[in-house]
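Q: Using the sequences provided together with the hints, build the complete structure.
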Amino acid sequence: MIETHPTHAEIGVARPADTHHGGWPHRHLLDVDQLSREAAERCLRLAAEMRALRERGERLDQLQGHVVGLAFAEPSTRTRVSFEMAATALGAQVVTLPLDASSLSKGESLADTLRTLERTGVQTVVLRHAAAGAPYLAARATGLRVINAGDGAHAHPTQALLDALTLADAFGGVERMAGRAVAIVGDVAHSRVARSNLHLLHRLGVSVRLAGPPAWVRGFASWPGVDITASLEEALDGVDAVMALRVQLERDAAGGVPSLAEYSVRWGLNEERMRLARPGAALLHPGPTNEGVELTADLACGERSLIGRQVVSGVAIRMAVLSLLAP
Amino acid sequence: MTRFGSIADPAVALLISGARVLDPGSGTDGVRDLAVAGGRFVEPEALPPDAERVDASGLLAIPALCDLHAHLRQPGVEEAETVESGARAAAHGGYATLCAMPNTAPPLDEPARVRDVLAAGIDAACRVRVIGAATRGRAGEQPTELAALAEVGVVGVSDDGAAVSSPRVASALLTYLGPLGIPLIEHAEDPELAAGSAMRAGPIATRLGLGGWPASAELAVVERDIALAEETGAWVHFTHLSTAAAVEAVRRAKARGLRITCDVTPHHLAMTDAWVAGHRGFAWEEPSGIAAEPFAGTLDEQLAYDGACRVNPPLPARDDALALLSGVADGTVDAVATDHAPHPPQRKAVEFAAAAPGMIGLETALSLGLAAVAAGVLGLAELVSALSLRPASLIGERRSLEPGSGADLVLVDPRARWRVEPGTLASRSRNTPLLGRELPGVVRLTMADGRITYEDGLLPAS
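Protein sequence lines correspond, in order, to chains Z and V.
In terms of our numbering, the first sequence has 122 at position 122, counting the first letter as 1, and numbering is strictly consecutive.
Convert by adding 327 to the 1-based position in the second sequence; the result is the number in our numbering.
It is worth saying that the hints were derived from the structure and are not from the lab.
You may find that some hints are simply not true.
Label-pair ranges, simulated between beta-carbon atoms [to be verified]:
| # | chain 1 | residue 1 | chain 2 | residue 2 | range |
| --- | --- | --- | --- | --- | --- |
| 1 | Z | 115 | V | 582 | 51 to 59 Å |
| 2 | V | 480 | Z | 27 | 53 to 61 Å |
| 3 | Z | 120 | V | 653 | 49 to 57 Å |
| 4 | V | 579 | Z | 258 | 30 to 38 Å |
| 5 | Z | 61 | V | 623 | 37 to 45 Å |
| 6 | Z | 248 | V | 492 | 25 to 33 Å |
| 7 | Z | 224 | V | 541 | 18 to 26 Å |
| 8 | Z | 39 | V | 468 | 52 to 60 Å |
| 9 | V | 615 | Z | 36 | 41 to 49 Å |
| 10 | V | 466 | Z | 116 | 37 to 45 Å |
| 11 | V | 469 | Z | 95 | 49 to 57 Å |
| 12 | Z | 266 | V | 554 | 44 to 52 Å |
| 13 | Z | 120 | V | 615 | 36 to 44 Å |
| 14 | Z | 60 | V | 751 | 52 to 60 Å |
Partial list, computed: chain V residues near chain Z (C-beta under 10 Å) [stated by the list, open to error]:
| # | residue |
| --- | --- |
| 15 | 524 |
| 16 | 603 |
| 17 | 624 |
| 18 | 625 |
| 19 | 627 |
| 20 | 676 |
| 21 | 680 |
To spell it out: a stretch of chain Z is covered by chain V in this simulated footprint if at least three of its residues, at any positions, have a beta carbon under 8 Å from a beta carbon of chain V; those stretches are [as the list claims (entries may be wrong)]:
| # | region |
| --- | --- |
| 22 | 23-34 |
| 23 | 109-115 |
| 24 | 134-142 |
| 25 | 147-153 |
| 26 | 214-222 |
No residue lacks a Cβ here, since even glycine has one placed at the ideal position from N, Cα and C.
A: Pasting the structure below:
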């Protein structure tokens with residue numbers, strides 16, 4: 001059985017009255033690589049706390065009078081809604097930018113668009129963009145505080161933080177993460193989720209095993225704390241948790257696997273394979289899932305699956321990040 | 328005060344004394360006088376009595392440089408550069424000759440368009456030679472009228488910006504080109520292997536989540552063209568090689584006696600893929616930070632993903648940069664050529680992968696070379712040979728400081744330093760990751776055919 005979700009008291013966080021978060025050293029969240037272990041743990045604890053407060057129905061207003069802009073130049077429902085919920089829950093005003101890749105290609109540069117946004121009074125921008133590095137450009141070209149909500153294949157820091165919070169819950173607390181092993185399965189090469197997770201899990205003392213087709217895992221062998229395994233079975237053997245990555249169905253034949261069917265046979269997760277992991281090992285997926293490709297439908301909604309918890313943790317993490325970055 | 332002249336100015340009569348004169352062609356290296364009159368170096372006794380005198384003590388006198396690869400953007404993108412401004416940048420960098428690439432808009436694929444650029448260069452601050460397009464519209468399908476282009480004086484043909492990617496077209500083109508005696512100047516890059524890439528493949532690209540450009544993309548075209556050169560007897564010149572494997576292939580082809588030559592750029596010698604992640608150490612320096620540990624630390628908020636580092640071929644892995652340097656030193660690499668590629672700011676201040684590839688280089692090439700010399704990784708004579716004598720010989724020019732030779736000369740202060748910034752650049756563009764950096768080597772005077780094309784107050788005001 002999976003551990004039930006512990007309360008904030010159980011995972012050792014401070015009482016709500018102690019949640020003052022002055023002295024946060026960062027103006028932006030561009031990737032988790034900027035977070036020390038202490039900063040990451042502080043963010044996770046604050047998120048757990050905010051989740052608990054929110055579940056108790058307490059009102060939070062840290063971002064009263066603050067305007068958060070959501071600039072999503074790539075289709076995304078869950079991340080955008082999660083940020084919107086988080087900002088609203090903190091009392092912020094939220095504006096959504098009609099930003100898409102096509103308007104950028106028509107001559108108005110990303111920097112121009114964001115400068116306009118800044119002039120209208122937005123203070124923090126949550127940016128999703130297909131180009132790796134776009135948030136760095138935004139941070140340099142404007143006075144906005146920038147939260148990276150996913151840039152190309154580079155980074156997705158709030159996803160890594162919500163995954164870490166979900167794992168911390170499963171392991172019984174942030175302080176019980178070090179020494180654990182997590183398997184990440186699938187298209188690591190094109191995954192911003194995987195990259196941010198590799199940074200954060202390493203900082204939290206969690207070792208990572210990668211499994212997937214060669215084109216999707218090669219290149220990561222010298223990443224600290226990472227082992228590339230020869231087979232899915234080897235990756236799963238005794239691990240504490242498994243993260244399946246989304247397979248991008250539109251990838252062509254040159255993209256790594258001869259067919260989705262072959263992928264599913266060799267790297268698809270099912271109940272039998274999950275039994276190789278530690279009993280009760282958790283299963284995570286950043287969503288949306290392709291059931292029958294990365295994992296079976298039974299697994300996705302089975303008792304090991306923390307996919308639903310990830311969504312809940314996501315709002316809490318984004319609340320924590322927004323409030324830590326608030327001026 | 329700095330002053331630009333033109334190759335159409337009157338020839339000067341000048342006695343330059345006190346400089347260390349380095350002329351690798353004749354083996355000269357020492358302090359001696361240089362006399363110039365009537366466009367040539369002369370014996371000092373032959374100077375007219377009213378010749379000006381210059382004290383060049385502490386300066387280095389070397390044959391003026393020759394660039395095989397510059398983009399002047401005229402016609403088409405005069406906002407970024409013109410023949411006039413590009414020639415001034417060249418003169419400021421110590422060049423007496425530059426070769427203009429044909430990927431203008433429209434491209435230089437007809438003799439009339441080549442003549443237009445040559446005409447615009449008649450009174451420029453540098454001799455302007457022209458490279459013609461290899462295929463019509465640079466579309467890679469139909470060769471241009473190669474003999475007609477050769478007649479108006481192109482020094483080679485190239486579809487630079489892309490390879491002549493069709494093997495069939497490349498074979499036909501080389502067969503026809505062979506007897507004309509000018510090279511195909513090949514941008515060696517297989518478009519399929521390079522598709523989707525924004526920087527060199529490797530740990531840094533993996534860290535940054537940017538599509539990686541594999542070394543095989545360059546080698547595939549190099550090996551193909553070497554085979555075609557052998558079959559056709561034609562001359563292939565590979566420009567801006569960026570990988571150890573390609574240089575090794577050229578080394579082997581030269582050993583077999585094939586007509587293969589190549590150049591590398593200053594930025595591929597000095598910079599590495601780690602610059603895309605914000606590193607700014609030269610390739611020959613001990614790697615530190617992200618260059619040493621590509622997956623550790625925090626990306627530099629100010630410098631990571633800087634569009635100024637987007638260039639094609641992409642900045643190399645460190646081992647490749649060091650192999651290019653060895654190639655320059657042993658002569659496998661015939662020339663250091665700038666691939667001077669000006670772009671207006673709006674083409675660079677965008678998402679990294681969307682940034683226009685290329686950086687300016689005419690004004691920093693000599694300084695980067697002198698930095699390598701100062702670091703002890705390249706000999707000064709080797710540098711001068713690669714920037715001046717060898718490229719000049721490839722396009723039928725000579726570089727020598729001996730009496731009787733055309734007076735193509737640079738006086739440079741190798742110990743002085745200058746800061747690369749808009750106010751110090753003659754180019755209309757400033758797209759270089761060296762902006763704001765101090766470099767060694769200040770050019771004090773450049774002379775082409777005995778005409779002063781650039782000087783910074785060294786000469787007495789006349």
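Q: Go through the numbered hints given earlier and state which of them the structure violates, listing their numbers in rising order.
A: The structure conflicts with hints 9, 12 and 15, although it agrees with all the remaining ones.
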